[in-house]
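Colleague: Using mature numbering (1 follows the signal peptide of the UniProt record, and there is no 0), the letters of the sequence shown correspond one by one to residues -26 to -1, 1 to 240.
Treat the hints as calculated values from the structure; they're not laboratory data.
The reader is advised that the hints may include incorrect statements.
As a list, the in silico SDA-like pairs of lysine to any residue whose alpha-carbon atoms are at most 20 Å apart [claimed, not checked]:
no., residue 1, residue 2
1, K55, D33
2, K98, F198
3, K98, G225
4, K205, N62
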Amino acid sequence: MTRRSLFRLVSLLLLFIFAGAFQLTAQPTAPEFNEPGIGRIMRVGVAPTGPPIIFKQGDKYSGIEADLARNFAGSIDKYVKFVELPFNDLIPALLNGKIDIIMSGMSYTEMRAIRINFSQPYLKVGQMPLVRIEDVSKYPSTLALLNTKGKIGVEYGTTGDFLVQENFLYAERVPYQDIAKAPDDLVAGKIDMFIYDSPVIWWLASEYEAKGLAPLVVPLSEEFLAWGIRKDDSQLLAQANAFLEEYRESGELQKIIKKWMPYAKL
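Construct all of the structure, not just a fragment, from the sequences and the given hints.
Modeller: In structure tokens form, the structure reads like this:
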């Protein structure tokens, strides 16, 4: 082989090598791990039993908290993953790292704040009773309500549950893990009253009006709903507070609340 032939052969080989290298680098690259949506999931703990705050319509999570969860996750470039749990298991799941945030109509209390941090509140509510229409006249005053000897349904581990234990001294407490059965039990006479967050009671009163249920418009407490976050997750807490502050100032928070609670006074 002549020197000229050898030079041409080497040149052709180098050309093929560079061409192959160019094709390899020109291919689309796989997304980086830290790009939005790849390994960036916000696990949201919910007990979806309380419309219009958080509930399920078919397989879809709906309500105020569901809308806020999706919007908040999007604002920090994350995808939301709802993790469904009984209400009383939400704080243990948060502390054990199974979820990142609780967005399930949880009220701020001093006892809960010992174990977890809370975001700034987004809604003021109160505990309210749901009764049969024919029993409304039995409770002409708050004192008559507190002195009832009937059976009161509550969701286990909630502020409504604590309120009944502390203030309804003569009543029989009936705790539910899943409150979906409570309105039907009230209609059937298995319980005499159901006490829960006022937005949920208004929703159920509307849904069960034809079956003879009505709210007692006697707020029994003043509470503030907020999001639960681990004590060591200061970044998520700051992001949650910044999101809520921005949404409140822009009016978007009020729009979402009004969407699900048209009667709400904000």
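Colleague: Look at each hint and say if it fits the structure.
Modeller: Results for each hint:
A threshold of 20 Å between alpha carbons decides the hint, and for K55 with D33 the separation of about 13 Å falls inside it, so the pair holds. Note on K98 and F198: the hinted pairing holds, with a Cα-Cα distance of about 5 Å set against a maximum of 20 Å. At most 20 Å may separate the alpha-carbon atoms for a hinted pair to count; K98 and G225 meet this at roughly 16 Å. This hinted pair checks out: K205 and N62 have alpha carbons roughly 19 Å apart, not beyond 20 Å.
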